[in-house]
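Those protein sequence lines, which keep their order, are chains L and D.
For what it's worth, full-length UniProt numbering labels the leading residue of the first sequence as 1, then goes sequentially.
For what it's worth, full-length UniProt numbering labels the leading residue of the second sequence as 1, then goes sequentially.
Everything labelled a hint here was simulated from the structure, so no lab data went into it.
Please read all numbers here as calculations on a predicted model, not as lab measurements.
Note that the Cβ used here is the ideal one computed from N, Cα and C, for glycine as well.
Hints may contain errors.
[Unchecked claim] Sample of chain L residues facing chain D (criterion: CB under 10 Å; computed from the structure):
#	residue
1	104
2	126
3	229
4	231
5	235
6	276
7	298
8	300
9	304
[Said to hold, decoys possible] Which bits of chain D does chain L cover? Going by a derived footprint, with three or more residues having C-beta under 8 Å, they are:
#	stretch
10	183–189
11	204–214
12	283–295
13	310–321
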Amino acid sequence: MLAIARQRMLGQSFKKILPAVSVLRSYSSAAKQITVREALNSALDEEMSADPKVFLMGEEVGEYQGAYKITKGLLEKYGPERVLDTPITEAGFTGIGVGAAYYGLKPVVEFMTFNFSMQAIDHIINSAAKSNYMSAGQISVPIVFRGPNGAAAGVGAQHSQCYAAWYASCPGLKVLSPYNSEDARGLLKAAIRDPDPVVFLENELLYGESFPVSDEVLDSSFCLPIGKAKIEREGKDVTITAFSKMVGYALKAAEMLEKDGIYAEVINLRSIRPLDRSTINTSVRKTNRLITVEEGFPQHGVGAEICASVVEESFSYLDAPVERIAGADVPMPYAANLERMAVPQVEDIVRAAKRACYRSVPLAATA
Amino acid sequence: MALSHLAASASRSSSLLKPLSSALSLRRSISGDNSPLTVETSVPFTSHQCEAPSRSVETNPKELLTFFRDMALMRRMEIAADSLYKAKLIRGFCHLYDGQEAVAVGMEAAITKKDCIITAYRDHCTFVSRGGTLLEVFAELMGRQAGCSKGKGGSMHFYKKDSNFYGGHGIVGAQVPLGCGLAFAQKYSKDETVTFALYGDGAANQGQLFEALNISALWDLPAILVCENNHYGMGTAEWRAAKSPAYYKRGDYVPGLKVDGMDALAVKQACKFAKEHALKNGPIILEMDTYRYHGHSMSDPGSTYRTRDEISGVRQERDPIERIRKLILSHDLATEKELKDVEKEVRKEESPMPEPSELFTNVYAKGLGVESFGADRKEVRATLP
């Protein structure tokens, strides 16, 4: 009954041209809301319950309840043999995690942020990603590396880098990045169940945000497919691709663009590797214009790969050059005003979309 | 040149690889003989933070013959690989183990196939001692389908999961945390088995080794770290690389044992002791004092940083195969001729190179039907299974 009422109300709201996101939020009494943190925690809980081979490892994941409280309550529930607090030695404990995966266990290794994964990157790439290939299928590595990725707020240059492009360039890895609670639950469960090494890039600033989730999402068997992007908002004039926090920004940009009569299609990538080239290209063939959005450094970034893919597959469909919105090409500054300039803002996405639609003033001269 | 015909059919024998013929008479006489024999190790063990095991090792004629045959096989295999490399039939890197055979063979005698072994890139003989065949070795070295990694790994990436041999690793030191991870999984699964993580004196200074050792000691993992100290990390002698080359002591709070790595029986005794220790008390370090006759790899002559006198001196005085030969002869277990007959070559078989489609297999265990690309992505694409 409630579902039917919800549908009718949604139908009416579309006629009023209300943005999809706020409609769902205003009818939150019909759908349950959970934070991304709760989504991740429940996913870990359910997968640990379902498979005794799954265990957690990382700094402060146990007694501290998780540096960002993602693993809260899991030590109490599953005990110290399955939730392991490690010393601050990423190279050592990541190697141990990969070795355990060689033997057939299913480790979920937490990096307090992915900046620290660089201390262990040899194990992620050379010990995990390449093993199945080098051993011709004898040694598979069912491990998940997870943790916050990208910029937080005011944490400075060494704590703000986005690693999506780095890990996604490596064959043998799967790289996922959720946006909302549904993504967080479905993708983390898929990652834990997957027999290959998965890099799971979360975002610290999203942990506390609430999103509506259906009963289907809350079911313990819920899982999202790896390698499939989601069209968060349909449109006909310009395609905007994004992942993680930038999906929220892209959706806001789409709302603003709509006021100017530009209907943007927002694609939530969900999976950086494998990249859903099919969904992206189908969308660009429909809209003929593309904006890629990411938080990370622009050079050799995710947007560069998407642009190349579209140029290769759908060149004749493009009516405008592909636009890339990315983090500034500088180490992350601390001062609030500079930090704001170093990370994409909604206005940047709006401006780029208008450029692609030939609706903006001529570009500024290069410095 | 005989080597150029190596790829030809098996019926043709090359000067290098002769057909296998069995020394039947020897097999009948001592191969079934399990009567116990006690032998003393060459030198006593030196220990750190533990009580050393006894110098008296229990063995039997059958075991001694197995040691002799296996080490002779490994020696021949490595020498054959040397020639194949020089004939450009083996490409890339090739790190040979001749001189160190006693470590592989002695370790295997002390453990079961349920215990895990992981090592670095000098892995041909360890692979064989875990049950790998010579065909799998040579085919892999030459990049053929019959290789243990179907030709896709190469010299440094031999694996045999069904006998718990986990490779085969090219990054110096990486295998030690991986080995501690295997030990973690064994303890987690309550298997009552142990892992031997082998590394060289060059890798002994790696930070990740100490990180893994710290965690192993904290969590009481059944991990045995085995330093195969052949005294040279590539071209750098141990005294130039390590402030403290007493590798068995480097574990500090972790007990250690120094072992004559050229004495297969000492290796066996030490590994047996280490396994018992690790199951009860957590990690232990074994330092095997050993020596490699070849250079670091085939691109290293091995004589710029050490004298030929040193190499020949070790070969004369400490060669592991000669030690076992003398032991067998002195106990009258076999005759000279019988032992010589055992030193046979392997027969080589034909194997093709992998199919081009194999470029794209095994990237993932579960490929999800995604696309992968060759160098020219408009030319070469594949769907990953």
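**Request:** Would you pick out the hints that fail for this structure and give their numbers low to high?
**Result:** The structure breaks hints 3, 4, 5, 7, 8, 9, 12, 13; every other hint is satisfied.
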